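Colleague: What follows is the residue order along each chain.
There are 2 protein chains.
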Amino acid sequence: MDSLLVKKFGGTSVGSVERIERVADRLKKSFEAGERFVVVSSAMSGETNRLVGLAHEVSSKARGGEAYDLLLASGEQVSISLLALALEKKGLRARPMLAFQLGIKTDSIYSKARIQNIETDQLHEMLKEGIIPIVAGFQGIDNFDRITTLGRGGSDTTAVALAAALKADACEIFTDVEGVFSADPRVEPKAKKIEQLNYEEMMEMASLGSKVLHFRCVEIAAKYQTPIHVRSTFSELEGTWIKKQENQMEAPVVSSVTHDPRITVLSAEPVPVGLGLLADLFEELSKEEVLVDIISQAQGSQGQRLAFSIADEDADRGIAILKKLFSSSVEITQVPEVAKISIVGVGMKSHPGVAARFFKVLKELNVDLKLVTTSDIKMSGVISREFIDDSVKALHAEFGLS
Amino acid sequence: MDSLLVKKFGGTSVGSVERIERVADRLKKSFEAGERFVVVSSAMSGETNRLVGLAHEVSSKARGGEAYDLLLASGEQVSISLLALALEKKGLRARPMLAFQLGIKTDSIYSKARIQNIETDQLHEMLKEGIIPIVAGFQGIDNFDRITTLGRGGSDTTAVALAAALKADACEIFTDVEGVFSADPRVEPKAKKIEQLNYEEMMEMASLGSKVLHFRCVEIAAKYQTPIHVRSTFSELEGTWIKKQENQMEAPVVSSVTHDPRITVLSAEPVPVGLGLLADLFEELSKEEVLVDIISQAQGSQGQRLAFSIADEDADRGIAILKKLFSSSVEITQVPEVAKISIVGVGMKSHPGVAARFFKVLKELNVDLKLVTTSDIKMSGVISREFIDDSVKALHAEFGLS
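Just so you know, the sequences run in chain order H and D.
Numbering follows our numbering, in which position 24 of the first sequence is assigned residue number 24; successive positions increment by one, without gaps.
Numbering follows our numbering, in which position 370 of the second sequence is assigned residue number 772; successive positions increment by one, without gaps.
Keep in mind that the hints are not guaranteed to be accurate.
With a straight-line cut-off of 35 Å between C-alpha atoms, the simulated DSBU-like cross-links for lysine-lysine are [as the list claims (entries may be wrong)]: (1) Lys105(H) - Lys507(D); (2) Lys324(H) - Lys689(D); (3) Lys772(D) - Lys287(H); (4) Lys772(D) - Lys28(H); (5) Lys90(H) - Lys507(D); (6) Lys689(D) - Lys61(H); (7) Lys491(D) - Lys128(H); (8) Lys61(H) - Lys431(D); (9) Lys112(H) - Lys507(D); (10) Lys595(D) - Lys689(D); (11) Lys61(H) - Lys772(D); (12) Lys689(D) - Lys28(H); (13) Lys491(D) - Lys287(H); (14) Lys90(H) - Lys430(D); (15) Lys491(D) - Lys323(H); (16) Lys128(H) - Lys463(D); (17) Lys594(D) - Lys287(H); (18) Lys90(H) - Lys463(D); (19) Lys492(D) - Lys61(H); (20) Lys492(D) - Lys128(H); (21) Lys323(H) - Lys492(D).
It should be emphasised that the hints constitute simulated quantities derived from the structure, not laboratory data.
None of these values were measured; they are calculated from a predicted model.
Pulled out of the complex, with its shape left as it was, chain H reads as follows (with noise of 0.2 Å):
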């Protein structure tokens, strides 16, 4: 039988009338080739936003909730229809297709939804019929035909979810880089595109703030073996393939060096003993969606000490909670200007050595380490955010990706 594909095109790709014709262009050449594919977009660029922004104008709190939801899912309704119509335009068949007509059903957990389920009944039909099925991403339908959306990366979630109901051989995630890379290209110019990783090492590497992939549409993908193929929507070149790896031996021990400029350290010491005090900081920062990364805690002469990295923007939120739980004789301390560099890897797992070389570079670069943390196929270290870029580099030459 035919392969049959998924193929999601992002807000960039779809942007204005000209790229949405030039997206058709390419679809067409593919349909013609023979290929069998469900398409995905996003809504255009810049469409979300202004949503948003009408929304806010409204309510300033106005957030998640069924109005909200309804509001920000209008965005790909547009976007589908306007490449609908660019596909007819060329002879080709072709129907938009929204989440309540298609039947992706989430839970109602508005602005944050999660697919439960999706019908490929009406897709396959279509797919025998020659019409290519146009489906918006980000929104779902939840058990009350409720609009919900599905938070950020939500059309690439809809896509993985999709080639997996499908079980399509491939997602395509189109977008306006052609792949991952081993390092930010704008801080190493000699990182290179890599060609293939594994869930897990594209999964490390987008909660550690890679933005070409959302973490959830990975974890999909990995949990239904989908394998996911990331490239430009303005080249024709291969991208790289996000999937189950066959010959683990030939992995390079580290894929890429990572990092994420936008964090902040906040500490606070001495805490007082025991295990209390810190449960009930961590569940009050949950409750305020702030989002802990690194924490690092010791035990001091002076009681414990408790450091733990955030979002930038969440930091005046943490001091508040963290003011208002401890006493005043507690310092809380905020260390500004930091960054978290992160090397990430499926052979760190068998090569031993590869912490001591993370920590050789950084020391020759006489660069102060002030949380570390690492898993399996990671390691991660926070260090002023004015060496990052020659940390970057350093890393990357030490484990040969340059």
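Once you have looked at the hints, place chain D on chain H.
Modeller: Just chain D now, with coordinates in the frame of chain H:
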């Protein structure tokens, strides 16, 4: 039992965030005064045109179809979401409802769909719970779960159909004018707001060029005897009621003078005797969506003389069709710069001599009548556009409307 209303807001009423907030204020007042109501909203003014523009940028031939209608329907999705957010901010409970969620069933004729059925169970349920339903106007859903739109005046049609289905006490149409006037106030400053009209009068006025209400929505109101109240969004004054009038004895002979400057007259002479060719002609015009208004046909010594009026923008297509069907010996003429002037009133039925007064007024102004048509309750003539203003004023005075 309390009264039940449908309140419909047009595009200019929800044309900006500020105006949406004003509408929300007004609805809050009504709600707190104990009114029970369902809201219907158009798209923000300019939005539908923006969407049509995008569609035509993609494909100049884009028109009524699955993708086109889906695109246009997104406009109302935005306005009802924002209106619901504005009401929630003011402490009310509101739910935005799309056609598919409510069950506004239509046929499958895209861009001109007709409503077949509206489910009202959910609305009654919401009203009972004190939730304000905010319904998207202009859109429907067909039997294949595809989104349709209702064409021009579609949101008014949604509102009136909803009022009929709910057996509401009235359908309030909020607009940017204070009601229906006895003539266009820009032409005749003495024009007055009409307090009451019956359905037949309003239907005639709508088809004669009055922009306040669309013919179709009045037709539905008449069928179900639903009272319509046309009133200003920006004032508390009573507007114009359109309903069955009990006491016709007091009806004025003429209720209003209406005019439509955007028409043209085409004539052909001599046309071969017989109806075959004429039937072909009007079939061809209808196929090309050229709407013919007044038709005049007279037997002359040289053969038949045919003249008919159509909308200005259809002139070129009309001439092309005439040239295609008639041989070169038939002289085809376009009479440009004409306009239609009409008087409407149920009193005309029982008052003879109205036609005579109509002709007398125009004769005194030395106005030449190019085409004339009459019905029970209206009389229309096509005249040179330059005489329109004077004729409107003179007829307005003649029938005691000033």
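Colleague: Confirm or reject each hint.
Modeller: Hint by hint, here is what the structure shows:
1. Lys105(H) - Lys507(D): Holds, because 23 Å separates the two Cα atoms, which is no more than 35 Å.
2. Lys324(H) - Lys689(D): violated (75 Å)
3. Lys772(D) - Lys287(H): With a Cα-Cα distance of about 77 Å, the restraint between lysine 772(D) and lysine 287(H) is violated, given a limit of 35 Å.
4. Lys772(D) - Lys28(H): violated (54 Å)
5. Lys90(H) - Lys507(D): Holds, because 31 Å separates the two Cα atoms, which is no more than 35 Å.
6. Lys689(D) - Lys61(H): violated (52 Å)
7. Lys491(D) - Lys128(H): Measuring from Cα to Cα gives roughly 48 Å; hence the hint is violated.
8. Lys61(H) - Lys431(D): holds (22 Å)
9. Lys112(H) - Lys507(D): holds (31 Å)
10. Lys595(D) - Lys689(D): The hint is violated at about 39 Å.
11. Lys61(H) - Lys772(D): violated (62 Å)
12. Lys689(D) - Lys28(H): Holds, at about 32 Å.
13. Lys491(D) - Lys287(H): The given pair, whose Cα atoms are some 23 Å apart, holds under the 35 Å limit.
14. Lys90(H) - Lys430(D): Status violated; Cα separation ~50 Å.
15. Lys491(D) - Lys323(H): Holds - the C-alpha atoms of lysine 323(H) and lysine 491(D) are around 31 Å apart, at most 35 Å.
16. Lys128(H) - Lys463(D): With a Cα-Cα distance of about 27 Å, the restraint between lysine 128(H) and lysine 463(D) holds, given a limit of 35 Å.
17. Lys594(D) - Lys287(H): violated (61 Å)
18. Lys90(H) - Lys463(D): holds (12 Å)
19. Lys492(D) - Lys61(H): Holds, at roughly 12 Å.
20. Lys492(D) - Lys128(H): Violated, at about 51 Å.
21. Lys323(H) - Lys492(D): Holds: lysine 323(H) and lysine 492(D) sit about 33 Å apart, inside 35 Å.
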